[in-house]
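K.L.:
Chain by chain, the residues run as shown.
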Amino acid sequence: MDLTHSPADEAFRAEARDWLAGHVPASPLPSLETAEGFAAHRAWEARLAADRWSVVSWPAEYGGRDAGLLRWLLFEEEYYAAGAPGRVSQNGISLLAPTLFDHGTQEQRARVLPPMAGGEVVWAQAWSEPEAGSDLASLTSRAVRTDGGWRLSGQKTWSSRAAFADRAFGLFRSEPDTPKPHQGLTYLMFDLRAPGVTVRPIGRLDGRPAFAELFLDEVFVPDEDVIGEPGQGWRVAMSTAGNERGLTLRSPGRFLASADRLFALWQERGSPASARDRVADALIGARAYELFAYAGASRFLDGESLGPESSLNKVFWSEYDITLHETALELLGSEGELADTGWSEGYVFSLAGPIYAGTNEIQRDIIAERLLGLPKGRR
Amino acid sequence: MRFLLDAEQRAFADSLDGLLSSADTPSVVRDWSRGDHTSGRALWSRIAAAGVFTLAIPEAYEGVGPLPVELAVAFVELGRHAVPGPLVETVAAAVLLTESADPGPAKRLLPRLASGEAMATLAPPGSYALDGDAADLRLVLTADGLRLAPDHGPVRPSLDPARRLTALPPSGELLVAEPPFVRALRWARLATAAQALGVGLALLDRTVAYVGQRTQFGVPIGSFQAVKHRLADAKIALEFARPLLFGAAFTMTERDVAAAKVAACEAAYATARTALQLHGAIGYTAEYDLSLWLTKSRALLGAWGSPDECRAAVLHGVSGDGRRS
Numbered sequence: 001m002d003l004t005h006s007p008a009d010e011a012f013r014a015e016a017r018d019w020l021a022g023h024v025p026a027s028p029l030p031s032l033e034t035a036e037g038f039a040a041h042r043a044w045e046a047r048l049a050a051d052r053w054s055v056v057s058w059p060a061e062y063g064g065r066d067a068g069l070l071r072w073l074l075f076e077e078e079y080y081a082a083g084a085p086g087r088v089s090q091n092g093i094s095l096l097a098p099t100l101f102d103h104g105t106q107e108q109r110a111r112v113l114p115p116m117a118g119g120e121v122v123w124a125q126a127w128s129e130p131e132a133g134s135d136l137a138s139l140t141s142r143a144v145r146t147d148g149g150w151r152l153s154g155q156k157t158w159s160s161r162a163a164f165a166d167r168a169f170g171l172f173r174s175e176p177d178t179p180k181p182h183q184g185l186t187y188l189m190f191d192l193r194a195p196g197v198t199v200r201p202i203g204r205l206d207g208r209p210a211f212a213e214l215f216l217d218e219v220f221v222p223d224e225d226v227i228g229e230p231g232q233g234w235r236v237a238m239s240t241a242g243n244e245r246g247l248t249l250r251s252p253g254r255f256l257a258s259a260d261r262l263f264a265l266w267q268e269r270g271s272p273a274s275a276r277d278r279v280a281d282a283l284i285g286a287r288a289y290e291l292f293a294y295a296g297a298s299r300f301l302d303g304e305s306l307g308p309e310s311s312l313n314k315v316f317w318s319e320y321d322i323t324l325h326e327t328a329l330e331l332l333g334s335e336g337e338l339a340d341t342g343w344s345e346g347y348v349f350s351l352a353g354p355i356y357a358g359t360n361e362i363q364r365d366i367i368a369e370r371l372l373g374l375p376k377g378r379r
Numbered sequence: 001m002r003f004l005l006d007a008e009q010r011a012f013a014d015s016l017d018g019l020l021s022s023a024d025t026p027s028v029v030r031d032w033s034r035g036d037h038t039s040g041r042a043l044w045s046r047i048a049a050a051g052v053f054t055l056a057i058p059e060a061y062e063g064v065g066p067l068p069v070e071l072a073v074a075f076v077e078l079g080r081h082a083v084p085g086p087l088v089e090t091v092a093a094a095v096l097l098t099e100s101a102d103p104g105p106a107k108r109l110l111p112r113l114a115s116g117e118a119m120a121t122l123a124p125p126g127s128y129a130l131d132g133d134a135a136d137l138r139l140v141l142t143a144d145g146l147r148l149a150p151d152h153g154p155v156r157p158s159l160d161p162a163r164r165l166t167a168l169p170p171s172g173e174l175l176v177a178e179p180p181f182v183r184a185l186r187w188a189r190l191a192t193a194a195q196a197l198g199v200g201l202a203l204l205d206r207t208v209a210y211v212g213q214r215t216q217f218g219v220p221i222g223s224f225q226a227v228k229h230r231l232a233d234a235k236i237a238l239e240f241a242r243p244l245l246f247g248a249a250f251t252m253t254e255r256d257v258a259a260a261k262v263a264a265c266e267a268a269y270a271t272a273r274t275a276l277q278l279h280g281a282i283g284y285t286a287e288y289d290l291s292l293w294l295t296k297s298r299a300l301l302g303a304w305g306s307p308d309e310c311r312a313a314v315l316h317g318v319s320g321d322g323r324r325s
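Residue numbers (UniProt numbering), protein chains in the order written: chain A, 1 to 379; chain B, 1 to 325.
One chain only, chain A, in its complex shape:
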């Protein structure tokens, strides 16, 4: 049992802290769910990448620092404590990149990863379809074999970042007649500006186009953009889904920083007694999430895979995020209603947490069946 970090890890943390202190923009960037904000965030990614801070956990050859999980956690803690901007490249960095490291070819990694690290190519996720929410096995968009590649047709929806992004990744049904629905899927990357692609931005609750519908009509994708074996997309995607529910999407650093800011807000507003318990619980929750992450990281470093435990994580962070923002809005009083405070946009964003990355209902089923061993039953 040890919670102290090695001098080398602390030196890494200090280096990150110093760099961030010298480079984080003095005033917040515009919302990344606007064209202007998206461009500003893309420029921030390039700034991070120039000093190899955009993808610290990647190998150096792709622009990273070969940082292990622990150093990544420390970096994230410093990043959010410094009030640095949200990561417009997060879908690519935390969802597609791990998939490429596990299942991609050398050529794909060399071609896709460096521009992703620099924000030159921003990736959108194309998982969901109108009739398939958390049930990815029921996808119907097709990939049909053609000379030198595939033709994609169908419709994707709730595609985060797609309104302004460059490329997307997702699953397509390449073998329509398999006995089981999760067989015969292929994992592909495609260009959002290719002929046959129509992007229709969708306004989220605040009207900002945080996601989009994608209509695909015979979109050509070359063989080099298939990840893993054709037909094996389900297996390939599952490693990505685990990342999404687990730590990489919501690092403890983010909530530690948010809880500290909530505490500061509470003090600024005269420490109202009515919010005291919720402010304390936000601090307790952030610490719990941090230590849970350290325990998970320790097991991971011991060679264990975390598997269904990522479902515990997902339900916890998604509900925590909403409660924290609700508390902040209450502390802000009438200002809490204003749409352009950082807290209110965070609140709107947090509301989606229990829905995406596999709904919390699905996660609770996974916890009950796979961690507690309860029998499967009717949903």
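Please note that the accuracy of each hint is not assured.
To be verified - Once the Cα atoms are required to be at most 25 Å apart in a straight line, the calculated SDA-like pairs of lysine to any residue come out as: (1) A:K376 to B:Q216; (2) A:K376 to B:Q225; (3) A:K376 to B:A209; (4) A:K376 to B:G280; (5) A:K376 to B:R273; (6) B:K107 to B:E62; (7) A:K376 to B:P220; (8) A:K376 to B:D233; (9) B:K107 to B:L67; (10) A:K376 to B:R206; (11) A:K180 to B:Q225; (12) A:K376 to B:H229; (13) A:K376 to B:L276; (14) A:K376 to B:Q213; (15) A:K376 to A:P181; (16) A:K376 to B:V219; (17) A:K376 to B:Q277.
What the hints assert, rightly or not - Per the computed footprint, the stretches of chain B lying under chain A, defined by three or more beta-carbons under 8 Å from a beta-carbon of chain A, are: (18) 2-11; (19) 212-221; (20) 227-238; (21) 250-260; (22) 308-318.
Please keep in mind that the hints were generated in silico from the structure rather than gathered at the bench.
Note that beta-carbon positions come from the ideal geometry of N, C-alpha and C, so glycine has one too.
Dock chain B against the given chain A, drawing on the hints supplied.
P.N.:
Quick look at chain B alone, frame taken from chain A:
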């Protein structure tokens, strides 16, 4: 950084679990609740022989401590098996005696606590002592220090029948003039949090087993999504309280310990509510063993610092500069 129990700590938990599993603790709890301390004393000796009470006591007084992580490991197991008696109080008493300027009382009393020969209880200022009728050393905090009370007031039942509450007279030999109550409170809260986590884990395990067997409408009730989701929420609460507990045992800061106390006790209590609901009426009876954990979860929530007091300690411990060290 390796935030996991090591092999030795896990083996310690396993050996205590084995010891307690074979001890028929439900019978011991029922004896204890009637004021018959014979089986409880015998169990106490075995727990002491396993080294549990040496963990808070320094080597100078025949202990092996202070080892708060190991103490937390042990108390999770004591909670899982619903072991009765002034367990937390004996630990807190040991901490109070350890830090006395005059080593006399420590030399005289601590070896007896470490070996299990004596059990101690402790009345926090203005409150009851647990099991004053069973304890050999009744410590009372008074305005001028820590005293060894000569006797105890009448036994008053707790809502947990296994916890028997007694007032102590503010008199008797003065042992320590300025006892380190804040430090002892930290250990008491840590041990209570660990015990509560164990209680919650036992409630969850028993309920998972029950809903897998109990059938209604022709299927196990554990196959119903409403049932599953309640148990999933209990699992989440307990699994996020666990790292807080061991993190607190590692740092022993007031803030971390208070956070662990809130999270573990509230998770255990929420699990108790779920356990009762999913067991239905059988869970509401005294004859069914589930009650031994149900009532304890509520009592531990208020013991050694209510959620309100602990949340205050959490807020008090934040520097407010937006940066953790």
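K.L.:
State for each hint whether it applies.
P.N.:
Hint check:
Of the pairs offered as hints, the one joining K376 of chain A and Q216 of chain B holds, with about 15 Å between alpha carbons and a cut-off of 25 Å not exceeded. Restraint check: the Cα-Cα separation between K376 of chain A and Q225 of chain B comes to about 9 Å, which is no more than 25 Å; the hinted pair holds. For the given pair, K376 of chain A sits about 15 Å from A209 of chain B by alpha-carbon distance, which is consistent with the 25 Å threshold. Distance hint between K376 of chain A and G280 of chain B is fulfilled; the C-alpha atoms sit about 22 Å from each other, no more than 25 Å.
Of the pairs offered as hints, the one joining K376 of chain A and R273 of chain B holds, with about 24 Å between alpha carbons and a cut-off of 25 Å not exceeded. Between K107 of chain B and E62 of chain B, the direct Cα distance comes to roughly 9 Å. Compliance with the 25 Å bound is thereby established for this hinted pair. Of the supplied pair hints, the one linking K376 of chain A and P220 of chain B holds, its CA atoms being roughly 10 Å apart against a limit of 25 Å. Only pairs whose Cα atoms come within 25 Å are accepted, and K376 of chain A paired with D233 of chain B is accepted, the gap being roughly 17 Å.
Between K107 of chain B and L67 of chain B the CA atoms are separated by roughly 19 Å; this keeps the pair inside 25 Å, and the hint holds. Between K376 of chain A and R206 of chain B the CA atoms are separated by roughly 19 Å; this keeps the pair inside 25 Å, and the hint holds. About 24 Å separates the Cα atoms of K180 of chain A and Q225 of chain B, which keeps this hinted pair within 25 Å; it holds. Only pairs whose Cα atoms come within 25 Å are accepted, and K376 of chain A paired with H229 of chain B is accepted, the gap being roughly 13 Å.
A hinted pair counts as satisfied when its Cα atoms are at most 25 Å apart, and K376 of chain A with L276 of chain B qualifies at roughly 22 Å. Taking the CA atoms of K376 of chain A and Q213 of chain B, the gap is about 13 Å. The hint holds against a cut of 25 Å. As the CA atoms of K376 of chain A and P181 of chain A are separated by approximately 18 Å, the hinted pair is consistent with the 25 Å bound. At most 25 Å may separate the alpha-carbon atoms for a hinted pair to count; K376 of chain A and V219 of chain B meet this at roughly 11 Å.
Distance restraint check for K376 of chain A and Q277 of chain B: the Cα-Cα separation of roughly 21 Å lies within the 25 Å cut-off, and the hinted pair is therefore satisfied. Coverage of the stretch 2-11 of chain B by chain A holds in this model, with 6 residues showing a Cβ closer than 8 Å to a Cβ of that chain against a need of three. Requiring three or more residues with a Cβ within less than 8 Å of a Cβ of chain A, the coverage given for the stretch 212-221 of chain B holds, as 3 such residues are present. Counting residues of the stretch 227-238 of chain B whose beta carbon lies closer than 8 Å to any beta carbon of chain A gives 8, which reaches the threshold of three, so the coverage claim holds.
For the stretch 250-260 of chain B, the proposed coverage by chain A is satisfied: 4 residues have a C-beta within less than 8 Å of a C-beta in that chain, meeting the threshold of three. Counting residues of the stretch 308-318 of chain B whose C-beta lies closer than 8 Å to any C-beta of chain A gives 6; at least three are required, and the coverage claim holds.
The earlier numbered hints are all upheld by this structure, with none contradicted.
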